[in-house]
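Chains as they are written, first to last, in the working numbering: chain X, 162 to 313; chain W, 162 to 313.
Calculated directly from the structure, the hints in this document are not laboratory data.
Keep in mind it's a predicted model, so treat the numbers as computed, not measured.
Where hints are given, some of them may not hold.
Which copy is meant is left open, because identical chains are indistinguishable; a pair holds if it fits in one copy or across any two.
To be verified - Straight line, CA to CA, 20 angstroms or less: simulated EDC-like cross-link-like pairs of lysine to aspartate or glutamate:
1) LYS238 with ASP194
2) LYS286 with GLU276
3) LYS240 with ASP292
4) LYS240 with GLU276
5) LYS238 with GLU171
Number of protein chains: 2
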Amino acid sequence: MNCSVAQCLEVVGEWWTMLIIRDAFLGIRRFDDLQQRLGISRNILQQRLTRLVDAGILRRVPYSEHPPRSEYRLTVKGKDLWAVLVAMRQWGDQHAPTAAPPVQMVPKDCGSISEAVMTCSVCGKPIGPSDVESVPRPGYQGSDLLLPGAHP
Amino acid sequence: MNCSVAQCLEVVGEWWTMLIIRDAFLGIRRFDDLQQRLGISRNILQQRLTRLVDAGILRRVPYSEHPPRSEYRLTVKGKDLWAVLVAMRQWGDQHAPTAAPPVQMVPKDCGSISEAVMTCSVCGKPIGPSDVESVPRPGYQGSDLLLPGAHP
Chain X
162 MNCSVAQCLE
172 VVGEWWTMLI
182 IRDAFLGIRR
192 FDDLQQRLGI
202 SRNILQQRLT
212 RLVDAGILRR
222 VPYSEHPPRS
232 EYRLTVKGKD
242 LWAVLVAMRQ
252 WGDQHAPTAA
262 PPVQMVPKDC
272 GSISEAVMTC
282 SVCGKPIGPS
292 DVESVPRPGY
302 QGSDLLLPGA
312 HP
Chain W
162 MNCSVAQCLE
172 VVGEWWTMLI
182 IRDAFLGIRR
192 FDDLQQRLGI
202 SRNILQQRLT
212 RLVDAGILRR
222 VPYSEHPPRS
232 EYRLTVKGKD
242 LWAVLVAMRQ
252 WGDQHAPTAA
262 PPVQMVPKDC
272 GSISEAVMTC
282 SVCGKPIGPS
292 DVESVPRPGY
302 QGSDLLLPGA
312 HP
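Construct the entire structure; sequences and hints are all you get.
What follows is the structure, encoded as structure tokens:
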């Protein structure tokens, strides 16, 4: 499917995978720490980590020779998932039915508790679904129906 | 799990679900159109749509009485997923290994082809993973280890 959302889902479209990436951003790098935090089986965690390494999202970095041990760090490609994670967190903060939001974000330069706002890279104004139109690019395929923004 | 990312994944953490939401933003509202575009079985599509209605992401709106037919429209809660979708699309545009990106975004007020940039809601500066720290909120649980930003 020639769709960039689908391409992203190919990599992160699995529950545990995105939570592993979340923990990687929080500095959790080692297998046992991840396993303890996520509470999943070692087998499944190992599969997901291997998949993320194969996909170029994480890389293995040795931290011990005897015994041989590696930790998992985000690559540039992995760090570029930050905006996806932030958008998910903010949606969950706003719409999660049960718990109070556990984490808030403080940009270091700013020092205030803030939210991330999506803005236009050209004019700098905030943008939302009713502010934008979608237009075809060179990779466009006729079967990918394109219509303007949201139609609530 | 008291994590807003996990809360979001509870709803959208399934491949087809996010593509249904993508299509809803593109104005694809009817069962047969969705089924044709996504190429999934009617059974699975119906399950996913019912789940999205139950989760308050889509709502059914009748468009025909004879025969009785409804279309699916995004609720406010559903429209708030726009930032997640845009972040996924931009990541896919940048890192998808195969296809050329099919769609580009033009904010109506701006008129230029642009990207969405995450900025701080307080100071307005662009923010990325190395610019922010995470701090606990009232809903914080001791088991949710909190560490500053990314540790590449």
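These are the hints, each one checked on the structure:
1. Within a single copy, LYS238 and ASP194 get their C-alpha atoms no closer than 23 angstroms, and across copies no closer than 34 angstroms, so neither meets the 20 angstroms cut-off.
2. For the homomeric pair LYS286 and GLU276, the shortest alpha-carbon distances inside one copy (15 angstroms) and between copies (12 angstroms) are both at most 20 angstroms.
3. In the homo-oligomer, the alpha carbons of LYS240 and ASP292 lie at most 20 angstroms apart only across protomers (12 angstroms), although the nearest pairing inside one protomer, at 27 angstroms, exceeds that limit.
4. Taking identical chains as interchangeable, the C-alpha atoms of LYS240 and GLU276 lie at most 20 angstroms apart whether they share a chain (19 angstroms) or sit on different chains (17 angstroms).
5. For the homomeric pair LYS238 and GLU171, the shortest alpha-carbon distance inside one copy (14 angstroms) is at most 20 angstroms, but the shortest distance between copies (24 angstroms) is not.
Hint 1 from the earlier list is the only one contradicted by this structure; the remaining hints agree with it.
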